[in-house]
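Please arrange chain B with the ligand on chain A, whose structure you already have, making use of the hints.
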Amino acid sequence: MKNFGGHVLFLDRADINTDEIIPAKYLTEIAREALQPYLLESLTLDGFDPKRDIPGKQVVISRANFGCGSSREHAPWALEVNGIRLVIAESFARIFRQNMFNCGLLVVELPCDTIARLFTDYARGETFATADVARGVIQIRTGTKAEEISFRLSDFDRQLVEAGGWLEYADARY
Amino acid sequence: MGQTVAEKIFETHVVDRPAEDVWVIRLDAVLCHEITTPTAILDLMRLGKDRVFDPSRIKAVIDHVTPAKDSNTATQGKVLREWARRHHITDFFDIGRNGVCHALFPEKGFIRPGYAVIMGDSHTCTDGAFGAFTPGVGTTDLAVGILKGVCAFRRPQTMKITLTGELPQGVFAKDVILSVIGRIGVDGATNRIVEFDGPVVQRMNMEARMTLCNMTVEAGGTCGICYADAITADYLWEHIRGEYPDKAAAAADFRKWWPDPDAVYEKTIVHDVSGLEPVTTFGQKPDNVRPVREMEGTPIDQVFIGSCTNGRMDDLRSAARVLAGRKVHPHVRGIVCPATTKIFSEALEEGLIRVFTDAGFCVTNPTCGPCLGMSTGVLAEGEVCASTSNRNFNDRMGRGGRVHLMSPATAAASAIAGHITNSELYKA
Ligand code: SF4
Chain A
1 MKNFGGHVLF LDRADINTDE IIPAKYLTEI AREALQPYLL ESLTLDGFDP KRDIPGKQVV
61 ISRANFGCGS SREHAPWALE VNGIRLVIAE SFARIFRQNM FNCGLLVVEL PCDTIARLFT
121 DYARGETFAT ADVARGVIQI RTGTKAEEIS FRLSDFDRQL VEAGGWLEYA DARY
Chain B
175 MGQTVAEKIF ETHVVDRPAE DVWVIRLDAV LCHEITTPTA ILDLMRLGKD RVFDPSRIKA
235 VIDHVTPAKD SNTATQGKVL REWARRHHIT DFFDIGRNGV CHALFPEKGF IRPGYAVIMG
295 DSHTCTDGAF GAFTPGVGTT DLAVGILKGV CAFRRPQTMK ITLTGELPQG VFAKDVILSV
355 IGRIGVDGAT NRIVEFDGPV VQRMNMEARM TLCNMTVEAG GTCGICYADA ITADYLWEHI
415 RGEYPDKAAA AADFRKWWPD PDAVYEKTIV HDVSGLEPVT TFGQKPDNVR PVREMEGTPI
475 DQVFIGSCTN GRMDDLRSAA RVLAGRKVHP HVRGIVCPAT TKIFSEALEE GLIRVFTDAG
535 FCVTNPTCGP CLGMSTGVLA EGEVCASTSN RNFNDRMGRG GRVHLMSPAT AAASAIAGHI
595 TNSELYKA
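For the record, the sequence lines run as chains A and B.
Per the numbering used here, the very first residue in the first sequence carries number 1; after that it's consecutive.
Per the numbering used here, the very first residue in the second sequence carries number 175; after that it's consecutive.
Here chain A stands alone, though its shape is the one from the complex:
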């Protein structure tokens, strides 16, 4: 199982689509590593600069319907080759969500008001978050503030995360 924790990148917008996460013109790359410089290149968000804000981040926190649009698994790959293995949001598009678990990566859905509070309480400073998959809790802390938030993970999703992805799981089983 991978390790899910680190410094948090806050992306304060709903409906961030996979074209914004990794533009189609880079889909001609066959190697996942080649996507590294282009993560979130097409995301227009006030005050966000991918070159400055992505390095050193391992967790993304965002709003509703994260990862909508195309089926490209290049979106999770672009996150992973940048060291980001955990995305916490209010909700996810189906294919993106499945792609993350299929890659052995983790998405965590939290209620709208919890996400809103995370933005208010943590988005300003340097914030660190970790997912404890066994206990089903997110530990989040910044400067003086820290807390634990529990989340639900279905048995199947947990098995995929533990197996390291769907290919490994399915090959052992079918």
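No lab work stands behind these hints: they were computed from the structure.
Do not rely on the hints blindly, as some may be mistaken.
Here are a few chain B residues that sit away from chain A, every Cβ distance over 12 Å (derived from the structure) [said to hold, decoys possible]:
| hint | residue |
| --- | --- |
| 1 | I215 |
| 2 | R231 |
| 3 | R271 |
| 4 | G288 |
| 5 | G312 |
| 6 | G319 |
| 7 | R366 |
| 8 | R415 |
| 9 | G416 |
| 10 | A437 |
| 11 | Y439 |
| 12 | T442 |
| 13 | P473 |
| 14 | D475 |
| 15 | E520 |
| 16 | G574 |
Pairwise CB distance ranges (calculated) [as the list claims (entries may be wrong)]:
| hint | chain 1 | residue 1 | chain 2 | residue 2 | range |
| --- | --- | --- | --- | --- | --- |
| 17 | A | D113 | B | S448 | 48 to 56 Å |
| 18 | B | G556 | A | L45 | 35 to 43 Å |
| 19 | A | D113 | B | D420 | 41 to 49 Å |
| 20 | A | D132 | B | L216 | 27 to 35 Å |
| 21 | B | P473 | A | R152 | 48 to 56 Å |
| 22 | B | H413 | A | G164 | 38 to 46 Å |
| 23 | A | D113 | B | D532 | 55 to 63 Å |
| 24 | B | D434 | A | S150 | 55 to 63 Å |
| 25 | A | D121 | B | D434 | 45 to 53 Å |
| 26 | B | K601 | A | K2 | 58 to 66 Å |
DSS-like, lysine-lysine: derived pairs with alpha carbons at most 25 Å apart [said to hold, decoys possible]:
| hint | chain 1 | residue 1 | chain 2 | residue 2 |
| --- | --- | --- | --- | --- |
| 27 | B | K516 | B | K282 |
| 28 | B | K252 | A | K25 |
| 29 | B | K243 | A | K25 |
| 30 | B | K243 | B | K516 |
| 31 | B | K421 | B | K182 |
| 32 | A | K2 | B | K282 |
| 33 | B | K182 | B | K516 |
| 34 | B | K421 | B | K282 |
| 35 | B | K252 | B | K282 |
Note that CB positions come from ideal geometry on N, CA and C, so glycine has one too.
Chain B with the ligand alone, transformed into the frame defined by chain A:
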């Protein structure tokens, strides 16, 4: 308790229930294109699992960038081509015989009522027009599909959208689906299947039904579904004639893939199309929809007619009706990509290609091309495209470019006017 179409397909295809609400289902076909499949192939090779579950159930096409535009895309084509050859995948369609996947595979008869089909492409939802379960998936699901012929899903909820009323002249399936997305929003159908029902759908031909289902993913939907009927049987006839004595028998058999009368829907929406005007998008999300009238006069630099949404014969005909005897505005570049080789030939035979070239359109070979800003019509910074495709995301057709989605008739009318405008058909 009665079942929806998808519930029937899940029940007849299930091979495992590894956890609460997870269904691993058997696949009738796995569809592949050259953008998302090569990585799956290379992953399988690296893991020492370069195998396919059944070469006759795997179909592959090179469609996104064809002909190859650079070394990267040439390599993607090469990986797919060699893999198809190595595994004796005979339904492989290369340049000269290819077409946009979601137009080509249905045209070849690969999608049948009651099928479960996956492809590494979100618009695979188009194929649900045949009464099938056809979700788009990512590369890992695709790799497992290729290797094992199965895919896992949480059992999707179904919502039913009943289209009632009478489509006004000059208003098309594209306007209908845009108006639906405008109503329910870009996540209005997330984790749900959308069954399209009602007299408007019953009257639609397969091309219009495919346009309808094509954009369900823009509302987050897993796939669209139309009920397979006599129109479906007619479309598929050359491929199924050995299986049924006549079309009526085929249509009767297809009824087993209709929902039960007491099927349970998570939500039902009645959408009356009688007063619908031609619509277009204004922002950078597919639910930013408003009447073309309100966007009248918006300047454009390029018009694109094509894609898996609107690149079929019916679409070319409706654009050509508007263009006949007219010229594209001197400031506008018109690009039309017939969606498949067969459509290209038919358009040639019907004289449509001549109408396009006389009007000043560039006619390309069948390809996705401009739709995803990869080739044959990429926008420059600040340019605007009136497009019959399905995504108006920022940078979709080129960095800094803007896209307005609309029907082929509206796109053709806008090409002539040099700005967004309602088609003459609608005014008539
Ligand atoms: S035409 Fe556009 S939306 Fe359709 S499959 Fe090709 S790239 Fe995707």
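Okay, the hints, checked on the actual structure:
no. : hint                           : result
1   : I215                           : 9 Å, violated
2   : R231                           : 15 Å, holds
3   : R271                           : 22 Å, holds
4   : G288                           : 22 Å, holds
5   : G312                           : 4 Å, violated
6   : G319                           : 9 Å, violated
7   : R366                           : 9 Å, violated
8   : R415                           : 34 Å, holds
9   : G416                           : 32 Å, holds
10  : A437                           : 21 Å, holds
11  : Y439                           : 18 Å, holds
12  : T442                           : 21 Å, holds
13  : P473                           : 22 Å, holds
14  : D475                           : 19 Å, holds
15  : E520                           : 29 Å, holds
16  : G574                           : 10 Å, violated
17  : D113(A) to S448(B): 48 to 56 Å : 41 Å, violated
18  : G556(B) to L45(A): 35 to 43 Å  : 20 Å, violated
19  : D113(A) to D420(B): 41 to 49 Å : 60 Å, violated
20  : D132(A) to L216(B): 27 to 35 Å : 34 Å, holds
21  : P473(B) to R152(A): 48 to 56 Å : 50 Å, holds
22  : H413(B) to G164(A): 38 to 46 Å : 41 Å, holds
23  : D113(A) to D532(B): 55 to 63 Å : 60 Å, holds
24  : D434(B) to S150(A): 55 to 63 Å : 39 Å, violated
25  : D121(A) to D434(B): 45 to 53 Å : 49 Å, holds
26  : K601(B) to K2(A): 58 to 66 Å   : 59 Å, holds
27  : K516(B) to K282(B)             : 10 Å, holds
28  : K252(B) to K25(A)              : 18 Å, holds
29  : K243(B) to K25(A)              : 12 Å, holds
30  : K243(B) to K516(B)             : 23 Å, holds
31  : K421(B) to K182(B)             : 23 Å, holds
32  : K2(A) to K282(B)               : 43 Å, violated
33  : K182(B) to K516(B)             : 33 Å, violated
34  : K421(B) to K282(B)             : 18 Å, holds
35  : K252(B) to K282(B)             : 23 Å, holds
In summary, the numbered hints that this structure violates are 1, 5, 6, 7, 16, 17, 18, 19, 24, 32, 33.
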